[in-house]
Amino acid sequence: MSRNPLIREVPPTSWYFRHPLYLRYMSREITSIFIGAYCVLLVVGLQRLAAGPAAWEGFVTALQSPASIVFQFLCLVAAFYHAATWFNATQKAMPLQIGEDFVPGNVISGAHYAAWAVLSVVVLFFTGVF
Amino acid sequence: MAKSHKPVVWFPFAAGGTVIAFCIPVIVLLTFLAALGNVPAGLSYEKMHAFAGNGLGKLIIFGVVALSLWSSAHRLRCTCYDFGIRADTLVATVLYIAAIVLSIAAAMFLLRI
Chain V
1 MSRNPLIREV
11 PPTSWYFRHP
21 LYLRYMSREI
31 TSIFIGAYCV
41 LLVVGLQRLA
51 AGPAAWEGFV
61 TALQSPASIV
71 FQFLCLVAAF
81 YHAATWFNAT
91 QKAMPLQIGE
101 DFVPGNVISG
111 AHYAAWAVLS
121 VVVLFFTGVF
Chain F
131 MAKSHKPVVW
141 FPFAAGGTVI
151 AFCIPVIVLL
161 TFLAALGNVP
171 AGLSYEKMHA
181 FAGNGLGKLI
191 IFGVVALSLW
201 SSAHRLRCTC
211 YDFGIRADTL
221 VATVLYIAAI
231 VLSIAAAMFL
241 LRI
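If you're matching them up, the sequences are chains V and F in order.
The first sequence: position 71 = 71 (our numbering), numbered continuously.
In our numbering, each residue carries its 1-based index in the second sequence increased by 130.
Hints may contain errors.
Label-pair restraints from in silico Cβ distances [said to hold, decoys possible]:
| no. | chain 1 | residue 1 | chain 2 | residue 2 | range |
| --- | --- | --- | --- | --- | --- |
| 1 | F | I227 | V | R3 | 22 to 28 Å |
| 2 | V | E9 | F | I215 | 25 to 31 Å |
| 3 | V | T85 | F | G214 | 38 to 44 Å |
| 4 | F | A171 | V | T13 | 43 to 49 Å |
| 5 | F | D218 | V | V70 | 27 to 33 Å |
| 6 | V | K92 | F | V231 | 46 to 52 Å |
| 7 | V | I30 | F | H135 | 34 to 40 Å |
| 8 | F | D218 | V | V44 | 24 to 30 Å |
Simulated from the structure, these hints should not be mistaken for laboratory data.
Small disclaimer: the values here were computed from a predicted structure and weren't measured.
For every residue, glycine included, the Cβ atom is placed at its ideal position computed from N, Cα and C.
Whole structure, please, built from the sequences with the hints as guidance.
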């Protein structure tokens with residue numbers, strides 16, 4: 001007796017075009033490229049900060065090149081998309097039960113969004129943006 | 131019971147994902163403003179040097195940078211696999227070593243400030 005096992009052929013480089021959901025997953029995956037590159041930029045910034053005032057001024061000036069503006073903008077979009085998808089996932093990743101009932105998912109995600117907004121406003125306040 | 135090294139990789143990954151979600155957007159916003167020519171007052175050399183010169187500041191910066199690096203390395207590893215690069219051991223080795231080296235570099239720069 002032989003049974004044919006189900007073998008699905010999955011093209012390794014183009015599987016995500018098969019379903020819109022896969023494309024959404026991959027769009028989030030791609031944000032990691034920008035976040036990773038931005039983290040490297042942060043380390044470069046620390047090196048410039050340690051090298052003294054002239055080096056730091058040079059770093060801030062270099063940030064203002066057209067290529068840097070495009071990169072920063074892409075990182076900004078990637079960072080906000082990553083954050084939003086992360087907070088949306090929290091209600092699935094850490095469901096919270098109080099007594100008999102589960103706390104509604106929107107409350108869990110909403111609390112994360114609120115904490116994120118407060119933290120961001122505090123950072124912007126202390127860095128003198130407003 | 132079988133032992134797994136996964137918690138060692140997963141804890142900083144999960145912590146890094148949280149740090150990236152909470153902290154990186156506002157940091158990118160600050161450098162984006164600087165890129166557009168409106169350099170926030172907090173990004174002046176004096177302010178940055180004072181923040182990174184303080185022990186708590188060093189700890190915060192190191193925590194954010196190192197955890198974000200580790201999480202990004204792990205996510206990039208998954209991204210490479212999903213895009214069809216199946217040399218996972220090589221990719222993982224390169225990315226994790228890069229994350230560790232950059233974290234050590236960040237710590238060294240911070241200690242010099």
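The hints, checked one at a time:
1. In this structure the supplied range 22 to 28 Å is violated for I227(F) paired with R3(V), their Cβ-Cβ distance being about 45 Å.
2. Separated by about 19 Å at the C-beta atoms, E9(V) and I215(F) break the suggested range of 25 to 31 Å.
3. T85(V) and G214(F) have their C-beta atoms about 23 Å apart, which leaves the hinted 38 to 44 Å range violated.
4. For A171(F) and T13(V), the hinted distance range of 43 to 49 Å is satisfied, since their beta carbons lie about 47 Å from each other.
5. In this structure the supplied range 27 to 33 Å holds for D218(F) paired with V70(V), their Cβ-Cβ distance being about 31 Å.
6. Checked against the hint of 46 to 52 Å, the pair K92(V) and V231(F) fails, with Cβ atoms roughly 34 Å apart.
7. Taking 34 to 40 Å as the suggested C-beta distance range, the pair I30(V) and H135(F) does not conform, at roughly 28 Å.
8. Taking the beta carbon of each, D218(F) and V44(V) are about 28 Å apart, inside 24 to 30 Å as hinted.
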